[in-house]
Amino acid sequence: MIDFALAAERAETLVQAMPYIQKYRGRIIAVKYGGNAMVSEELKNQVMEDIALLHMIGVQVVLLHGGGPEISATLKKLGKEARFIDGLRVTDADTIDVVQMVLAGKVNKDLVALLQRKGVNAVGLSGIDSRMISAVQRDPALGYVGRITAVDVSVVRDVMAAGYVPVISTLGCDDEGNIYNINADTAAAWVAGAMGAERLFMMTDVPGILRDKDDPDTLIPCVDLDEAVELFEEGVIAGGMIPKVECCIDAIHRGVGRVIILDGRVSHSILLEILTNEGAGTMVMENKEFYTEAQEP
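In terms of the numbering used here, the sequence shown is numbered consecutively and its last residue is 1178.
Calculated directly from the structure, the hints in this document are not laboratory data. Please note that the accuracy of each hint is not assured.
[Stated by the list, open to error] Only pairs whose alpha carbons sit at most 30 angstroms apart, straight line, appear in this in silico DSS-like list of lysine-lysine:
hint	residue 1	residue 2
1	K925	K961
2	K1094	K1169
3	K1169	K957
4	K987	K999
5	K957	K925
6	K1094	K925
7	K957	K987
8	K987	K925
9	K1125	K987
10	K925	K990
11	K958	K925
12	K1125	K1094
13	K999	K925
14	K1125	K925
15	K961	K990
16	K1125	K1169
17	K987	K958
18	K990	K1125
19	K958	K990
20	K904	K1094
21	K904	K999
Produce the complete structure using the sequences and hints provided.
See below:
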């Protein structure tokens, strides 16, 4: 027997989402994917469902990913210990081979295959392809860890124009053909800026920026660049949140409309941010003075 009440509720949900669909249709949304949402198969499935749905309603999605846990697991299988300096992986000649194999190979193609099972055509790319991400060595002590010098998103635009979702692993290269491991947050800021993205979602393992790091109820839902500076000075933004917020600020300076530090542990967190008034993280914008909720659908 048809449950008309449930059917009506679902129809009403779609109607409520219509203004948001109209707003974002044809716009570019970048998603930097990692953390718990990548480790958990259930959350990975939900993230790919979110991206597939957005693509189907006309939102142009660019997916960028890291793969730190997978790299560390592969190195362990090979009997090689992972080493870090200031949170950055020490990447010698053997390790960069593993990084390239894992990121541009297994992780990238697994995500492409999963999107395609959701009914979306996707193409796997890396920052090496078409010299998308040019880089130089960041620090000799870190080995093949790169600092981005330029990005060329022509191949990404070509892939999207052909109707595909680009899935990008964050590797880079230099003029001599050396391959570099690139911080995924940093790469996402550069690529999203070059694409003129309306939104960049930085998926993470925490609720967002917390005034008290031990209390999820102290979530700061929205900050502008001036407030971010104050939060740095007050020590509210500390630890692992420092480089993430710095990448958010960099993305804004590079032309991204708004950046959301998104709690990847929340089911369908991307859809909550795009198609509802609810949120699952902290939004970073240039200036809140000219922003009101009335500007949103």
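For each hint given before, does the structure comply? Return the numbers of the non-compliant ones in rising order. Result: hints 3, 20 break, sorted rising.
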